Structure formats: structure tokens, C-alpha cells
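Chains as they are written, first to last, in the working numbering: chain A, 1 to 144; chain B, 1 to 674.
The hints are simulated quantities; they were obtained by calculation from the structure and are not laboratory data.
Note that the structure is a prediction, hence the values are computed from the model and not measured.
Ideal placement from N, C-alpha and C gives every residue a C-beta, glycine not left out.
Watch out, some of these pointers could steer you wrong.
[As the list claims (entries may be wrong)] Label-pair distances were calculated between CB atoms; the ranges are:
1. Pro385/B <-> Thr62/A: 22 to 28 Å
2. Pro564/B <-> Gly65/A: 58 to 64 Å
3. Glu338/B <-> Gly65/A: 31 to 37 Å
[To be verified] Computed from the model, here is a short list of chain A residues facing chain B with C-beta under 10 Å:
4. Ile17
5. His18
6. Leu29
7. Phe35
8. Leu37
9. Ile44
10. Pro47
11. Ile58
12. Tyr61
13. Glu77
14. Asn83
15. Leu86
16. Leu107
17. Gln120
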Amino acid sequence: MRMTRLRVCKEVDQRLIHLKARTGLNPNLLCRIGFCLSLNDPSIPDPAAYPPDSDREINRYTLTGEWDSYFVALLRERCAYDNMDLDNDLEDQFRAHINRGVLMLYLRVKHLGDLDRLVQDFNPDIDGEQAKVGTNGSSRLHLP
Amino acid sequence: MIFTHLTIENFGIYDGTHEFDLRPRKVDGKFLPVILFGGKNGAGKTTILEAIRLCLYGQLALGTRVRRVDYETHIMHRLHRSSSTSLPARSASVELVFDHVHAGVLSTYNAVRAWRVEGQTFHERVTIYKNSQVLREIAPEHWSDFLRDLIPPGVADLFFFDGEQVQALADDETETTALATAMNGLLNLDLVERLKSDLALYVRQQENRESSVLQRAADEAQNAHENIEAVYSARYQDRAGLRTQLDRVRKRLEDARQLLLKEGASFVERRTELELRQLEVERALEQTRAAIRDLVTGLMPFALAPTWNVRLKERLEEEAKAEQAWSTYEARIALATEVASRALDPAFQQEVAPRVTPQDWARIANELQALLKPGEFDNPSILHPVSTQGRVQLVEWVDKVLHDIPVQMRALAHQLEALESERSTLEQALRQIPDDAVANPLLEQFHILSEAKGSLQEQIRQADTEMGQIELQLAEADRQRKKAWQQLASAGDTDLRIERAAKVQVILDAYLEEITASKTQELEKMVAHFFNLLCRKDLLVREVQIDPKRHTVILYSDNRLELPKSSLSAGERQLYAMSLLWALRSVSGRMLPIIIDTPMGRLDSDHRRTLLTEFFPNAAHQIILLSTDTEINVEAYELLKPAISHTFMLQYDEEQGHTNVEHKYFVDSEEPAP
Chain A
1 MRMTRLRVCK EVDQRLIHLK ARTGLNPNLL CRIGFCLSLN DPSIPDPAAY PPDSDREINR
61 YTLTGEWDSY FVALLRERCA YDNMDLDNDL EDQFRAHINR GVLMLYLRVK HLGDLDRLVQ
121 DFNPDIDGEQ AKVGTNGSSR LHLP
Chain B
1 MIFTHLTIEN FGIYDGTHEF DLRPRKVDGK FLPVILFGGK NGAGKTTILE AIRLCLYGQL
61 ALGTRVRRVD YETHIMHRLH RSSSTSLPAR SASVELVFDH VHAGVLSTYN AVRAWRVEGQ
121 TFHERVTIYK NSQVLREIAP EHWSDFLRDL IPPGVADLFF FDGEQVQALA DDETETTALA
181 TAMNGLLNLD LVERLKSDLA LYVRQQENRE SSVLQRAADE AQNAHENIEA VYSARYQDRA
241 GLRTQLDRVR KRLEDARQLL LKEGASFVER RTELELRQLE VERALEQTRA AIRDLVTGLM
301 PFALAPTWNV RLKERLEEEA KAEQAWSTYE ARIALATEVA SRALDPAFQQ EVAPRVTPQD
361 WARIANELQA LLKPGEFDNP SILHPVSTQG RVQLVEWVDK VLHDIPVQMR ALAHQLEALE
421 SERSTLEQAL RQIPDDAVAN PLLEQFHILS EAKGSLQEQI RQADTEMGQI ELQLAEADRQ
481 RKKAWQQLAS AGDTDLRIER AAKVQVILDA YLEEITASKT QELEKMVAHF FNLLCRKDLL
541 VREVQIDPKR HTVILYSDNR LELPKSSLSA GERQLYAMSL LWALRSVSGR MLPIIIDTPM
601 GRLDSDHRRT LLTEFFPNAA HQIILLSTDT EINVEAYELL KPAISHTFML QYDEEQGHTN
661 VEHKYFVDSE EPAP
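Whole structure, please, built from the sequences with the hints as guidance.
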């Protein structure tokens, strides 16, 4: 993945502003969370649904930070699973997951404490709870 | 000075003659200072102290304003009454023997004060022996004065005292008077004062004979000075009164505050408390949010895709294995190819086995290559082209994400929730306060007292300013006076004796000023030192300031703030008073014995311990303690034991109506007689 910067769509740009006000987290961190949230959703995002038409341009270096290789590894894993062309589709998928993830995040996080609810939804063993089905229509993936 | 013997005869509950050996014993070349008297209430402990004071001061022992008849009545009531006849004894006496150094010579003095009643007449007789001979240097009519001057009664108050009442010394007024007496008496400043006034009298007498203009000028300057001094001392009294009031208001304010607290209705306190907690909660909230942000900046986002983390880890592990296998395979191929190509090398064939034909070699090579089965193993396809190190790093992160992050996130979220809930509870509680507070009469009282305190402090400040101005006038008058004296001294036409007297007056003034300043400084240091030694709160008092003119003592705490004496507890006041005494004794260098009745007073166990281990063993060369069994108990006795010279046990015999004396203490079963 050679891309060095990325542009989100207008709606996502607005949501990032709102989310920052709710949680006090900066857009880079919100995009990281969004990316992982979207990755966990089994449906494949459509890059065409998120045109890069906002003024917000995000630098890959600050976006992924010290975890760049980790993000790339997860993306490759997901794209391979989705039968994508790993040479040409990665960048579009990356952008699409980020866009979709921020929109999902906007629906599920009203407050900093809600992040914990997300984490616990996906990692239910921590409190000894049984596996839950995620809200917002996305059912949790179970490993074979 | 050391009290060596006390003999009491027919006085109080002592029937007949009782002699007490008070001389501190020497053990291993060291004098043990403590003489311990034990006795329950009414056994005659206080009588010992009373007898010593009566012996030394007679009528003055009861105070300066007691009339002779009252003194005689008092003594007659104190004569021993036998229980069988219930008639008072006809005579009684107290004899005090002491070693005293006078003019560099140690002598033993016996002071005997005897009372006799004949019909309605009362006789008192004082006799003094020096080294067993009737004292000759002083005329008998001055013997009482001799005893009084030996230890002036004002000074004796500081050395022979009741532990329970000594804390009164920490009251500003009492302290000022006591300090003035003690500093003048103990530090020998009164001698200088007396010399000064004698000189003034002398000069005045001379003036009557030989009046001069200069002399009159000097007298006028002296009068002016005295007038201003009178104004000053009046203001001084006023201010002392204000200070006492302030002390009282402070105490009442503290009581009011305690009451507010106790009633649970201390809204001001409550508000402050809530607001403080609110601040703490806000701070903790900010810290928690920051910790969550840190986690989000870290690995937390990845915890939202656990499925893919698990897959990633599995694949990374597979690929690591595959790569490992591939590299082993590649190495094997390379080796076999090398061996095979050497088998085909003619030089090698010739050298190793010349009889093997090239055809055979070709077969060997073919066999070898067949063994390797090339083409069976394809280069594995790798989804994550990372270095071995990169792979290890990724697996490590995945493990953290799957195990640690959710736990950490949970803990922080719980913390956040608890703090937010506390914050809203606090807001609720704070909203409810103001209405209740307005109607509270306790609070009103508190405010009235606070205002009274402020107004008194303001008045004291004004008095201070005014006194400062008077001090300036006083200094100016003093300057004029000295100038007049100097002129008088240098004028050639006056009598040489007047001239010298005037000169000496100037010198004495300067001397008095300097010695007072230096002794005061020394005293300040010693008071702070001893107080901190006795008080278990480390460095409760950082510094002590004593006004050498007004004899007021101000304590400063560690943070350089004035520490009002009213803020000390009763026990701390007692310790403060004792350290003041100790400091005075130490600065004056007067080797007087100390006698303490009820030595433990109102002290708690920690303070008792320091008193037992620090004060009693070190404060004096002779220290006579009059204690009950609950004060110096078994435990205390053990602590004090290394400093105890010997003990007396006073036991009241109810049937006989008199006290018996034994050489032991409550805790001892027996102790050998001296």
C-alpha cells in the first residue's frame, strides 16, 4: 500500500467533528477506531459509496502512527478473505473501511465511556458474559 | 543550691518530727536528680511543698496582699491535730537544710521557722545557721530578708509549682508578669535596675546641696522620660487587655466551630468539604479520560476487530512455519546440487576413485538428484511479507489486543462511570446547601464571633501603631536624658562624685540594653529547643520571639505563621510552660532545685513519656516530684528509674490521723533505707 494521504467524504467529515465533541478524541484516533469497527463487519464496503469530496485530507503517517504495519496486516487479511486483488484494491478498501467505520461509530458512541461497551461487545469473555450479537444490524463474526 | 534535708514537725498531717533526706545520691560518679515522693490524695504531698515555701518566705508564701492576722490564722489551722485528743499542737516547725555557694564558698545553711502558740498569742521565730553556727554576717532582724532574697518569691513560683496549674503560664497576661519577674530576677537584671535607681537618688541628694542648671535639666529630662514611660505602660496594659479578649474570642470561635461540626450542620465546612471533593473528582475524571485517550492512542482500536486479529495471528504463525520449511528445503537442494556437480568433476573423480567409470559417476549423480525429488515443494505463497522480527512484533500486539486491552478498558470505564456518578451527587448536594445555611443560628453566632475577632485584631493593630509612636518618643526622651547626663558629667564645675554617678548611669543603661537583648535571644532559642524536645509534634514551633521590653512571647509555626497559644492543647500549654521554665533556668545559670506537685498534669501518654525521659532527668540537678500512684505508675516509674535518686512513700493512717513515711514507692515492694 503506497498511499500517503487519504480524503474522506463530506458526511464522514461532519461526523468526525461531532464525534470529537462527544469524546474529546482527535479525528486520527476516531478513524483508527472506525477502521477496526468496519473491519469487524462481515459485509464488504463499497468504495464508490464514499467519494473523497470533503476538504479533510488525512495523512497516513499520522493516521496509522506506530501501528502502520498492524493496520496493513489486518487490511490484507480482510481483503484476502474478501477475494480482492491485493495489488490494486487495498487502498480503496482501506478508505472505504475508514469511511464506513466512522459512520458506524457515530451511531454507537455518544460518550467516551461507550467505547468500553463496544470493546466488551466484541470481547465478551472479559466479564464472563456470553457472546452477544452486535447492535446496528451487524452480527458478530464467529471463527470456524 | 541543693536542698539536703527537710524536717517537718507537727505541721499538717505530720505528727511529731519527720525528716526527709533530699540530697541526690551519686551512682557511678553521676548524681541522680530525681527525688520521688509517692502518696495518694490527702497523704501529705502538697504539705511538703507548702512547708518549704513557708520556711523560706513566711507570710509572703501566701501572697503579697495577705494580712498578718490571716497568716497567723492560717498557720494555727495547719498545726497538727492529734486524733486521740483532737487538740492542735502547741508548736510546730519546718527546717530546711541546703548547700549554697555564696561568694565562691560552699556552705551549709539550716533555716528554721518555728511557730508557737501561747494562749491567744502567736510567735514566729526564724533562725539561720551557717555551717552549724548561728549566722553572724547578717543581723537577726534581716534573716527573713536573707531567705527571701536567696530565691525571690516570684522566681520560686517558676521553680516550685503545681503541674496542673503551670499551664496558666501560657496565658498571655500571666506569662508577661511571670516573665518580667523571672527575667529581672533570674537574669540579675533587677540588680542593675536597683543600682540605677540608687544612683539617681544619690545624684538627686547631691543636687539638693549643690543645685545647678545642668542638674535641673537632667532632672527635667528624667521626668519627661518617666511621664512618657507612664503613658507607654498604660497603653501596654490596654493592649494586654485586648489580647486577653482576643484570646477568649478565639477560644469561643473554636468552640463554635466545633459545635457547628458536631451538629452536622456546619454548612460552611460542609460546602468547603464538598467543593474540595468536587475538585478532586474533576481532577480524577480528567486523569481517567486522559488514560482512556492513551489507551485509544495505543492498541485499543484493534480490539474492535477480534476476529481478524485471531485470523491474522493464525496466518502469521502458519507463514512463519512455511517460511521455515521452505528455507530448509532450499538449503537441502543447494547442498545436493553441490555434491552432484562435484561427482561429475573429472579431476575429483580421478583423485578420489580412478577405477570408477564416468558412466558410474553419472549414475551416482543421477541417484543423488533423484533422491532430492526436485519440484515436489513449491515456494509457499506469503500474504504478509514481513521480516521475522516484524512478524514477532505483530503477534505480540495481537496477543495484547485479545487479552489485555479489553480488561484495561473495562477498568477505566468503570472508574469513569463511578466518578461521573459521584460528580452528579456532589452537584446535587451543593445545590441543597444555601437555603439551610441562612437560617442557622449557630452560623450566625460564628459570624458574630468572627467579626468580633476581626475588630479586636484591628484594635490591637492600632494599639501597636500607637505604641510604636510612643516608643519613638521614649527613645527621644531617653536620648535627651542621656545627653543631659553626659553634659552633667562633663561639666567641670560639678562634684566629681556626681560626675561619676552620671557616667555610670549612662554605662548602666547601655549595659542593661545589651544584656537584655542577648539574654532574650538566648532565651528565644532555648524555649524553641526545649519545647520541640518535649512536644511529640516535630517542629510544631519553628521560632520563638520574645519582646525584651514587653515580655511578650510569640510562637511561630513551621510555615512562619504566628501560632496563637490558645491554639495549643492543654497538654501542649503545660509543655510550653515547662520548656519556658527550663529555658529560663538554663539561661540564668541559677542552680535552683525544682519541685513539682502533680507532675503529669493533663498530659497524654506520649507527652508523659517525653517528660519522663527528657525533662525530669535533665532539667535540673535536683528535682523533687510529688506524685500520686496514677501519675507516675508502674510503667512511668520504670522509665524514670535511671534518674531516680531515692523515693519516699507517704501513707495516711486514718485511725491515727497522721501520715507515715516509708522508703519505697507504690511499685516497690521494698527498698533499703538510706
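- Task: Sort out which numbered hints this structure fails and list those numbers smallest first.
- Result: Violated: hints 3, 4, 5, 9, 10, 11, 12, 14 and 16.
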